[in-house]
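A.B. asks: Protein chains in written order, with my numbering: chain P, 135 to 400; chain B, 11 to 223.
If you are wondering where the hints come from, they were derived from the structure by calculation, not from laboratory data.
Note that the structure is a prediction, hence the values are computed from the model and not measured.
Among the hints, erroneous ones may be present.
Claimed, not checked - Listed below are the simulated DSS-like cross-link pairs for lysine-lysine, each with C-alpha atoms no more than 25 Å apart in a straight line: (1) B:221 / P:237; (2) B:107 / B:171; (3) B:107 / P:266; (4) B:28 / B:100; (5) B:213 / B:87; (6) B:146 / P:237; (7) B:34 / B:100; (8) B:171 / B:221; (9) P:399 / P:342.
Spelled out, the chains give:
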Amino acid sequence: MFTVIGERINTTLKKVQAAVIARDADYIREDVRKQQAGGATYIDVNAGARIGHEEEDMRWLLEVVQEGTDLPLCLDSPDPAILEMAYPMVNKIPMVNSISLEKDRFDAMMPFLDGKECKIIALCMDDSGMPKSVADIVDRAARLVGELEKIGMKRDDIFIDPLIQPMSVDANNGNVAMEAVQTIMTDLAGVHTTGGLSNISYGLPQRKIINRNFLALMMAHGFDSAIMDPLDSEIMAVLNTCEMLKGNDSFCMNYLKGVRAGNIKA
Amino acid sequence: MSDYKELLEILLTGDGEKLETLVKAALDNGAPANEILNQGLIASMDVVGARMESGEMFIPEVLMSAQAMGGAVEILKPLLSEEDSAVAGKVVLGTVKGDLHDIGKNLVSMMLESAGFDVIEMGVDVAPEKFVEAIKENDADIVALSALLTTTMPMMAQTVKTIEASGIRDKVKILVGGAPVNQTFADEIGADGYAPDAGSASKLAKTLLKKSA
Numbered sequence: 135m136f137t138v139i140g141e142r143i144n145t146t147l148k149k150v151q152a153a154v155i156a157r158d159a160d161y162i163r164e165d166v167r168k169q170q171a172g173g174a175t176y177i178d179v180n181a182g183a184r185i186g187h188e189e190e191d192m193r194w195l196l197e198v199v200q201e202g203t204d205l206p207l208c209l210d211s212p213d214p215a216i217l218e219m220a221y222p223m224v225n226k227i228p229m230v231n232s233i234s235l236e237k238d239r240f241d242a243m244m245p246f247l248d249g250k251e252c253k254i255i256a257l258c259m260d261d262s263g264m265p266k267s268v269a270d271i272v273d274r275a276a277r278l279v280g281e282l283e284k285i286g287m288k289r290d291d292i293f294i295d296p297l298i299q300p301m302s303v304d305a306n307n308g309n310v311a312m313e314a315v316q317t318i319m320t321d322l323a324g325v326h327t328t329g330g331l332s333n334i335s336y337g338l339p340q341r342k343i344i345n346r347n348f349l350a351l352m353m354a355h356g357f358d359s360a361i362m363d364p365l366d367s368e369i370m371a372v373l374n375t376c377e378m379l380k381g382n383d384s385f386c387m388n389y390l391k392g393v394r395a396g397n398i399k400a
Numbered sequence: 011m012s013d014y015k016e017l018l019e020i021l022l023t024g025d026g027e028k029l030e031t032l033v034k035a036a037l038d039n040g041a042p043a044n045e046i047l048n049q050g051l052i053a054s055m056d057v058v059g060a061r062m063e064s065g066e067m068f069i070p071e072v073l074m075s076a077q078a079m080g081g082a083v084e085i086l087k088p089l090l091s092e093e094d095s096a097v098a099g100k101v102v103l104g105t106v107k108g109d110l111h112d113i114g115k116n117l118v119s120m121m122l123e124s125a126g127f128d129v130i131e132m133g134v135d136v137a138p139e140k141f142v143e144a145i146k147e148n149d150a151d152i153v154a155l156s157a158l159l160t161t162t163m164p165m166m167a168q169t170v171k172t173i174e175a176s177g178i179r180d181k182v183k184i185l186v187g188g189a190p191v192n193q194t195f196a197d198e199i200g201a202d203g204y205a206p207d208a209g210s211a212s213k214l215a216k217t218l219l220k221k222s223a
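The following block holds chain P by itself, in its conformation from the complex (with noise of 0.2 Å):
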């Protein structure tokens, strides 16, 4: 099954901002209501805009979101101190984002991994920088992997995320994410891989089509789980036509329970 990471709960963004700043719960309990609805199998939740602030929004929006939805969230920080007081707040086991094999940020992660039942977003990040082509970002796979497995994960909690550059810098960037989630998806056989998929499309006009059509060809290498937008239907609907065309939707049920919901239209 597809992992759809629903993105919308990051205090980057000026509307969610603005409802944390003012403690407005119905706001944020109706948006993760609609990201359940329209197909999210996991809430981000980032607190980390307000500096100084993204202890206590946390804890706040941490309440919040599970009022509005039974889905596991996933806790997007990088400070391990704020994802230990997260930890224990959580109802259902949650996703962790993200670990790298940056040094100061694997060192400070793999403590806090270390004996916790947790899923895993790990960013094929070193400190020599950003992949620069596909053998780096299945090394830094394999690598995170090792480290993972040593303290007792199992590769169906680990999410690889290749690192997707945009296209608009450098022509070959989808054909290296797409050989790079094949190549993990077959060395590494268990894990998944996800990642920001809109990250394809930046510095191009009409952004949405192209990342509907990337998701549709990431699919079709291995691609499991994206962090995305579950509100836009139309990038939605392209993900369970997919599914259905991968054989992951037996007598294409949710496909046409899609297109019976009007969520699915030609």
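Assemble chain B onto chain P, guided by the hints.
C.D. replies: Only chain B this time, still in chain P's reference frame:
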């Protein structure tokens, strides 16, 4: 002075070969190399920057124009004297410590160079002290800081503080940019300017230096 209208049109299409032919023809007609550079190429790239800022041109088109310009500049280089290539100003540019993102910074670097700036490229994950060193060493007019992460925005503030503490704050203009950065934040940390995209960054850099001149 020659008419550089055609050169502008070709630069906008990003056709490097045609641009080089045009530059060679201008030289054959006796146009001085520094005039072709300043009134032709740099002035045309200013138009590209403005169109990028207004959303008429997109990043790949801007990259093509810049690449075409790069080829044309190579033809002019041997014909330019030291003063001719004396530039719009010197900019020290980098992504702040703890942040490894470089796409935005690279675009800014390219636009600044195309606008005639001498860019001292520091790369990513640059410590505040490194910025200070580079400003001093190169006698830079501007330092441009990039950050993509909310978590590295405080490092921008710290870099500004380190520049202040080193006693060179009045000698250098500080420009900031990056996805989570905005004008309010730039004002808060005491930067001289904020640019939302690479096109406006080079324009702003010129404006800042004009003001201080």
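A.B. asks: Next, verify each hint and record whether it holds.
C.D. replies: Evaluation of the provided hints:
1. B:221 / P:237: violated (43 Å)
2. B:107 / B:171: holds (14 Å)
3. B:107 / P:266: holds (20 Å)
4. B:28 / B:100: Violated, because 30 Å separates the two Cα atoms, which is more than 25 Å.
5. B:213 / B:87: Roughly 24 Å separates the two Cα atoms, so the pair holds.
6. B:146 / P:237: Cα-Cα ~30 Å, so violated.
7. B:34 / B:100: This hinted pair is violated, its Cα atoms lying about 28 Å apart.
8. B:171 / B:221: Since the Cα atoms of residue 171 (chain B) and residue 221 (chain B) sit roughly 23 Å apart, the hinted pair holds (cutoff 25 Å).
9. P:399 / P:342: Status holds; Cα separation ~16 Å.
Hint check: violations occur at hints 1, 4, 6 and 7; the rest are consistent with the structure.
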